[in-house]
Each structure stands twice: as C-alpha cells, then as structure tokens.
Amino acid sequence: MTTPDEVLDCLGQRCPLPVIALARRLPELPVGAVIRVLADDPAAAVDIPAWCRMRNQEFLGAAPAPGPAYDVRRVR
Amino acid sequence: MIPSPVYLDAATAAPLHPVARQALLAALDDGWADPARLYWAARRARQLLDAAREATAETLGVRPDELSFTPSGTSAAHTAVLGGLLGRRRTGGALVHSTIEHSAVLHAAEHHVARGGTAVEVPVDRLGRLDLTAWSTAVAGPGVALAALIAASHEVGTVQPVEAAATACADAGVPLYVDAAQVVGRVPVPAGWSVLTASARKWGGPPGVGLLVVRKGTRWESPWPADERESGRTPGTLNLPAVVAAAASLRAAAADAAAQAARLSPLVDRIRTRVAAEVPDVEVVGDPERRLPHLVTFSCLYVDGEALLHALDRRGFAVSSGSSCTSSTLRPSHVLEAMGVLSHGNVRVSLHSGSTEADVDRFLAELPQIVADLRAQAGVVGL
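Protein chains in written order, with full-length UniProt numbering: chain A, 1 to 76; chain H, 1 to 383.
Calculated directly from the structure, the hints in this document are not laboratory data. Any given hint could turn out to be false.
[Said to hold, decoys possible] Just a few of them, taken from the derived set where beta-carbon distance is under 8 Å, the chain H residues facing chain A:
#1 E283
#2 V303
#3 S323
#4 S324
#5 C325
#6 P332
#7 V341
#8 L342
#9 S343
#10 V380
[To be verified] Per the computed footprint, the stretches of chain A lying under chain H, defined by three or more beta-carbons under 8 Å from a beta-carbon of chain H, are:
#11 6 to 18
#12 38 to 46
#13 49 to 60
Remember, predicted model here, so these are calculated numbers, not experimental data. Positions of the beta carbon are idealized from the N, C-alpha and C atoms, including for glycine.
Isolated chain A (complex conformation):
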C-alpha cells in the first residue's frame, strides 16, 4: 500500500469543502506525491474520485482503516 507524503485532515467538513481543500493543496506538492484526505462526509467517497477524473489526477482508492480516507497522487 502507499504511504502518503501528506495527510489533509477534512474530518467534520461538509461537501464540497474536502474537495476544495484537496484542489488547493495538491498543486503545491511535487508531481508524484501522494496526499491522503481524511474526510467523513459521505459525499467525499463520490466526489474525490470524480474530482480526480475531471482534473486528470490519479485516485488511488480509499485508504485502509482507520478511514474514511482517500489517497490521491499528483500526476500532472
């Protein structure tokens, strides 16, 4: 499994704030870096992969327990 380069704590934030936080932070990391977004809003499970698709970034999947967390790799 992937070890994230950074963890973004969005616990307690409602949609679309976790996606906005991800969109702000990811471009500041080097290409290839992996960010783990901790987000307990149920919409994050849908919206983080959808954001990755719209922005051509790589969604690595839901991180293992203690989730809910989602790993994203900057690829461009």
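Once you have looked at the hints, place chain H on chain A.
Structure of chain H alone, referenced to chain A:
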C-alpha cells in the same frame, strides 16, 4: 426587480393540469360518497371510480381489473415490491434491483432485508445505464422472488433497457416490477413487466394518487392487512375526487405526450449543451441520447448544492438537487453515487407542459453568473 417564477421541478411534481383541476372540482360535488355502498350517492361515486379506472387502464394498455389506485406513488412502490416478494416467498426471499431505484423501492428492499430477506443490487455505468450482464446473472440466481427496475432514472433521466431486462427475467421465470413514475403520461411504457407503478403528481395529476398494476397470472399477494377495496391490493378508502382528477389528467397528458416530448427534448439538449459550454467545471450527467425528454442533471465543481438552490430560488428558479447538503440525511444521492459522478453542486432541471423556451433561455442566461458568484464568495476561483 422581483424575478418571475420559473418552475423547473416537474420530476418531483408537475403543476396541476387544467383538466385535473376541472375534474377535481366536479368530483368534489359528485364523488364524496363511498363507492362500495348501496344508495344513490354511492352509485354515482362508483360510476366515477369505474370510469376513472377504465380510462386509466386504457391509457396504460392494461385490463381495468389489473389496476388499483393507491394513496401515493410511494405506497404503490412499497406495495408492488412487498407484494411481489410475498407472492413468491415459496420460491425464495431474494429481491434483485438496480442501484438507481427510487428511494421508495430501496426502502421497501431494506424493510424486506430487515425481516430476513435478501437483496441483490445490480450496478449501472457512468451514464446511469443498467449493467445487463450483471442483471441477467442476478435474476438467474437461486431463490429470486422478484426483480425491480426503474423505467427511467428520476434523477438523471437515463432510460433503462427494460425490455432486455424483462427478457432476462422471463428466461429465469422471475416477475419484473417496473417503477414507471417518470414515463407514464410522457413516453410509451415499455413492455415485459408483471407489476408496474406510477404517481399522478408526476404527470400533472393531484398529489396523493398512485397507480399499481398487477398483470393477470402474476404471483402477487397484498402485504397489508385484508381490505376488500381495490381488488384487495391496497387498503383504505380512496380519495375519489383526486383519483378522478388523476385519470382525467393522465388521458390528457398521454394524448399530448408525443408533442410535448418533441418540444421539450430539444430544450433539454439546449440545456445540456449550453451548461457544458458556458459554466466552467461542470459535469452534465446521464445518457445524452437514451434519456427522458424533460429532465437533465448537472453538477458544478466546488459549489455547495444548497447554496446553489437558494441562489436560484432568489432568481425565481425552482429546481431540485441530489447533493448531500440538500438532503435530510446529509447523504449524496444514491443515484449519483452509483454512477460515480460528482455529487456536490448538483442541479436537476425537469420541464413540463407549461415550460417555455423563454423560461429555459432565462435560466441559461442567469446560471453562469450565479455559479460564478458562488465560486467567488467561496474563494474557489482558479482551483
């Protein structure tokens, strides 16, 4: 300036059809008695009920004795699912359904599972189209009592391959229940089902009337305590004036359906095209071709769905949303979730016979600035 109201939420409830209003008012005078009694007022009520049933059955292409009126579309859906499962309980306890059924069907499925039954969910693709291979495998599985498929998605408009799904059910000997709430009175009802439901407020009838059709020969048993009304399928006294209004408006809506579909479908195309072109970072969802004529859904990146609904409301636009922040459960729409499309900033626009080209054009003219303002307020421009 106070903007003129533009109602764009027909998929929840279409404005009352003028024919429904006339029929309702007339039936308030003539249809208040209990049609089951044996006196003059009851006979008049019975005539109204019989005529409503015959007209509705004729529109649907079914026998009058196959049709029952229910107290709502939700009640019809619950009754269809639970009765279909009960009627085939000796075969097994499994319900097969798509992931994009209406919540009324999903809640009936949960009720079934909570009492020891099982449910098998069949996925859809990103456009919201049923996975027919998975469906065929699921309905051929052991102990399947009933399969449930929505005729067309009430949230994204994607029309489902009902006739192919029905063939798979027939091959497996499993009855198919079709939730036809978004198609009855708008587009032809597909063939091959054993049980069908609809809801009058979707076609311009009054709220509080559902349709439940159980084809002859279907093993179906009412899940409710015994009641002699409506062929024993659904208990309780009908709201007869509303039933009469529902029947009259369905006949009118069905007669005008092809013309309305031909008029509204290009307006939906216009919304799909212009929203995608003129609102940055938007995802227009659902099948662009095999879709309902009157319904379109899109999601705006970084925009709060509730804020968007309120901003549109302030400009006079009534729409609905599948975003989690607009739902009482704070969960995103299970339909958007099943499709894997963006769920926040979601708007569903659904047109009706009173929707005009000017309404749509005003919506399209104002939407880009409304979204831009919300993004500017949230500080997400350029992300």
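task: Would you list, in rising numerical order, the hints stated earlier that this structure does not obey?
output: Failing hints: none at all.
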